[in-house]
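Undergrad: With chain A held as given, fit chains B, C and D onto it using these hints.
Listed below, chain by chain, are the residues.
There are 4 protein chains.
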Amino acid sequence: MLVVMSSSATDSQVKRVKERIKELGFKAHDIPEQEPTAIGVTGNSKQEERVYLEGLPGVAQVIPISKPYKLASRDMHPHDSIVDVSGVKFGNGNAVIIAGPCAIESEEQTLRISNAVAERGAQMLRGGAFKPRTSPYAFQGLGEKGLEILAKVKTITDLPVVTEVVDPGTAKLAGDYVDMLQIGTRNMQNFTLLKEVGKVGKPVLLKRGMSATLDETLMSAEYLMSNGCHQVVICERGVRTFASHARNTLDVSIIPALKQVSHLPIIIDPSHSSGHRYSVIPHALAGIGAGADGLIIDVHDKPEEALCDGPQAILPDQFSELMCLVVGICNVMGKKIGNQKVLEDANQG
Amino acid sequence: MLVVMSSSATDSQVKRVKERIKELGFKAHDIPEQEPTAIGVTGNSKQEERVYLEGLPGVAQVIPISKPYKLASRDMHPHDSIVDVSGVKFGNGNAVIIAGPCAIESEEQTLRISNAVAERGAQMLRGGAFKPRTSPYAFQGLGEKGLEILAKVKTITDLPVVTEVVDPGTAKLAGDYVDMLQIGTRNMQNFTLLKEVGKVGKPVLLKRGMSATLDETLMSAEYLMSNGCHQVVICERGVRTFASHARNTLDVSIIPALKQVSHLPIIIDPSHSSGHRYSVIPHALAGIGAGADGLIIDVHDKPEEALCDGPQAILPDQFSELMCLVVGICNVMGKKIGNQKVLEDANQG
Amino acid sequence: MLVVMSSSATDSQVKRVKERIKELGFKAHDIPEQEPTAIGVTGNSKQEERVYLEGLPGVAQVIPISKPYKLASRDMHPHDSIVDVSGVKFGNGNAVIIAGPCAIESEEQTLRISNAVAERGAQMLRGGAFKPRTSPYAFQGLGEKGLEILAKVKTITDLPVVTEVVDPGTAKLAGDYVDMLQIGTRNMQNFTLLKEVGKVGKPVLLKRGMSATLDETLMSAEYLMSNGCHQVVICERGVRTFASHARNTLDVSIIPALKQVSHLPIIIDPSHSSGHRYSVIPHALAGIGAGADGLIIDVHDKPEEALCDGPQAILPDQFSELMCLVVGICNVMGKKIGNQKVLEDANQG
Amino acid sequence: MLVVMSSSATDSQVKRVKERIKELGFKAHDIPEQEPTAIGVTGNSKQEERVYLEGLPGVAQVIPISKPYKLASRDMHPHDSIVDVSGVKFGNGNAVIIAGPCAIESEEQTLRISNAVAERGAQMLRGGAFKPRTSPYAFQGLGEKGLEILAKVKTITDLPVVTEVVDPGTAKLAGDYVDMLQIGTRNMQNFTLLKEVGKVGKPVLLKRGMSATLDETLMSAEYLMSNGCHQVVICERGVRTFASHARNTLDVSIIPALKQVSHLPIIIDPSHSSGHRYSVIPHALAGIGAGADGLIIDVHDKPEEALCDGPQAILPDQFSELMCLVVGICNVMGKKIGNQKVLEDANQG
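Chains as they are written, first to last, in the working numbering: chain A, 65 to 413; chain B, 65 to 413; chain C, 65 to 413; chain D, 65 to 413.
In short, the hints are calculated from the structure, not lab data. Take the hints with a grain of salt, since some may be wrong.
Identical chains blur together in the list; that is why a pair holds if it fits in one copy or across any two.
Said to hold, decoys possible - Computed list of lysine to aspartate or glutamate pairs in EDC-like fashion (alpha-carbon distance at most 20 Å, straight line): (1) 86 with 144; (2) 79 with 368; (3) 82 with 385; (4) 91 with 368.
Only chain A is shown next, with the shape it has when bound in the complex (with noise of 0.2 Å):
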């Protein structure tokens, strides 16, 4: 940490400064000849918080230099993380498509969709049970019956689930239910939820807040990991901005910055981004060119009838399409995604 003390401060307000980093139980160490005058700060950095120099007469800024999240940084695990969600690998060369409705409205729709991108080469599936939704007035999902449905059809089509929750009391329901547990974007910083989902112990797909910062979403996943799952997923979604053309911006910059200081493995959110039917190829593109570990998307078959964010689901063709694309570029840039068995299967034939 560093205290950057205003031109105008005077002796004594910087003896002052010193004194308190003392008192509080830090070392003070001149930093010669800085203009303005700079104090470094060190002893237990994960304490740092409390020290409260902001306010103390004099004091300019405070500079923090550690990084706040331990257990998700690079430092603490130099490698890229393998997230393995029932033998479905993220991370280190290997990408994933997730792909299903927004919402699992039932059985028979649940299970015709999951068969298309089953034999189009996903290798998981999604579906809500449990809908945040911005309108009381709006469906929010078939609840504890949308588990059920999701349980069946893994069952059948073999593709492990994923699946959000939304209430601290029925995470540990979903978890006997799903694969991985998802932390959707508007409870990034609801730490109850994160707490009683990090408990768990399944894989988590942790969606990045609407306006989180790379910090905080780490830090969210921080509250995951020393709660207990290592397995977490951060998910890129896009976020807010001034631009309207797209529901939200996706932001493929914090996938490079991401892998600088974090080993967890980032997958992007293309249908949420783009909010379009016509764009989600694009968007899903855009985070593969940016090292995306993998995508997650909305498919539906009739999605004029969607009960959830229809115009953003792509159709079955549409993701024939975009399968075929990103697997030519993953080749290009060394990586594997899709699920090679299916992708074989189908070259062959």
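TA: Relative to the frame of chain A, chains B, C and D by itself:
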């Protein structure tokens, strides 16, 4: 709802859109001579979100005309609501000062600060028992012990109390101890929590999310209201933008904009918007100038020792200065603010 | 300047960074016990931007400590500057009301509105002769004819005049007609224009760019000042964010933040921030509450016929109401605002 | 254009709005059964911006339906435009690599880097003679001397050249030396410059402003086009958001969105979006994946000595790696990129 076709839309595409509107149980209306072609849609506005016309060929844009919130809308309640928290009134010319520590640290600390703000004219006490912290390693609050302290201090200083709830499971418990429940910024779209807090039956202070639009903020109020809580006060506490010269960007423009479309009172949190002691008063006066119905302010008498957000807590002396200025400005604006009895006694003393 | 190494940086990488610092003519200073390793850099701060250390292996971050602006900094000029525009003073307790039409449309219109604002206490007249318009098909202003009208109207109403310059080639010409030159939002980083306007020798009103940081805004002031113009007033007119309930997001937080680091006065443009007549007064009072040194306001007596920005122009009656409120609030805050002679005559009348 | 009345609007207010529409020479159309009341407005769409109905009593919102740009719109030109710069083609399946130093520092440096990028497959050379710098104390470019160097180097390496113009007064001069003129980010709404550059008659590379919307970007293209320049290429170089993990937030979503509404080609500047050497390639591939018609990249062989933006310049070796990846990805996507002759020779070599 208005459907705008693209310039290159064919007649048969226009026809298909109209058919689809009818299939869904709505009516389609030609809008004459509009270039590009536009089609009005009428029917049950509650169901409009389900009308997925965006994906149909030739559709350029779907523009909603009616607002998604009902109970929070001024259409339903043309006059300003007055929210009454144990006798303290928000709205329609009544502005409220809520002050106190960010976190409850001990009974002694809470009582000391509560007395300090009460005797300077504050009308309500704030204090956090459950603290949502970005870091899992930071102080998370005293929990139920904190609620007990708040209840005890209230019997002494007689200030109604507001405290934040972070867990749907403790909403009812907190409601037994305090006069008003707070939904924090990071939980504004924690819909599970909104539903549970809405059912408790206590007035609610709803903080705007970090990047929530006006409509989204009112939709979260709608969650509370449709679950039985009609005593909702909105709180603007700064939003996230590119600017970094303050902790958050205080968006005063939401105050007149909200008052155009909603009857709910809105207050300002200048402590969280500024993030620095030196700028709390300017932020507070800006909010009052923009028409806020009150302020919620961090006050601490030993901010360097505070367990949470010390740098933004103002000292009791600064709180006196602030009170003096806001009372004068509200007077110019034809509003009442502060504990009138305390302020009158002070004037006569 | 501080160089923070990554945790995995090797000793030889640290050594290379220190060597490079010396090669560039600077000094490297160890900062003891810092984790990760940090190195202080001292020397000629004007040249610091040239020190490209970020690209060297093992460097995680380069943190500037000194500010890039010099002449605009409070370090160079500890007391608030007073900018004097033909006798009207901005800063250090003096607040100024600038009012008038968005665009000069005719001599008759300008004179009529100028009289209306003068007799209600405005101290300066605003009016655009050169209008920067988003659309090439929109009214672009009367050009030099507009400048002639402004000069003529000034001889009648005796209000000093400010007008925008958009072309480096006409900066000197405009300076011959008016008392203060304005740099518009879209030109805040039009450095060619800043240099030419800086050389004219008239006071300048510098509008903050749509997404300019505080530092960038002061760097643009620095362009004016280093070219000879020391009479600079900054203007906050709303920035671009995700929020759409106002034309722009008025960032009142820049007022106290700027006053911490700079001696320059800052005013508010509530017309361009609100964009709607109904919210101009709340935006104006928010700015005054936050400590602004004045306001620049669009006033029109026939706004439906205005050639530019009619919806945000307030009517003369609303301007009277605004004057009454700001005079009262400035009184509470210990400041003077408005033409004192006119206001006193009105009080006595 | 659509006028939406507020729910509380009276019949006489609706009547007044319709009268006003007719007074202005437009037609008013009832939209049946809409709640709240909505009125269609038709007539001369060029003049619509002058219809100030927002200020009339009872009006809640005015919604434009037609787009403000005409020449840049796909309505006017349904097929993708191909922009030809001295034989190098942008658009409709042709992607272009522009590479070179940020600033022209000397003939030797420019020639050296030009050769390095040419022999690796770049199709055009970039290099700044006039540098718009945030600080008045930073290197501002070699000026006309820089243009001379560019022209000379072109005779040797045979790459068409693009350079930035910052002053309306030197637009014509620059056009005499180079093949394509660039409008920089900070000047995207410098309308005086747009007009002058539009008149020169050379193709223009128009960089999107720091916080420009899609419509604003196309309106600036419209300034160029309505002044005679129809050879416009748009460039996305990152926008300003709350995120700080990259220099700017690369907004790949503008690529498919722009292609929906406009026929103009769009390229990506991954150097300015990333700001750091390590992330230039991921940004570049993201842009290509999203459908960009090319890249403009800072390349320097001695970046620590660069006079401008050294940390974001990639080395020649990295440029080779980038070329290899983009050629492969464009191949998968059915596009051509890079100097085909050079690439073929390299493959055979």
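Undergrad: For each hint, tell me whether it holds in the structure or not.
TA: So, going through the hints one by one against the coordinates:
In the homo-oligomer, the alpha carbons of residue 86 and residue 144 never lie at most 20 Å apart, since the shortest distance is 39 Å inside one protomer and 36 Å across protomers. Taking CA atoms no more than 20 Å apart as the test, residue 79 paired with residue 368 passes between copies only; the shortest distance there is 16 Å, against 69 Å inside one copy. In this assembly of identical chains, residue 82 and residue 385 lie within 20 Å of each other by CA distance neither inside one copy nor across copies; the values are 63 Å within and 30 Å between. Taking the shortest Cα distances, residue 91 and residue 368 sit within 20 Å of each other only across copies (17 Å), while inside one copy they are farther apart (64 Å).
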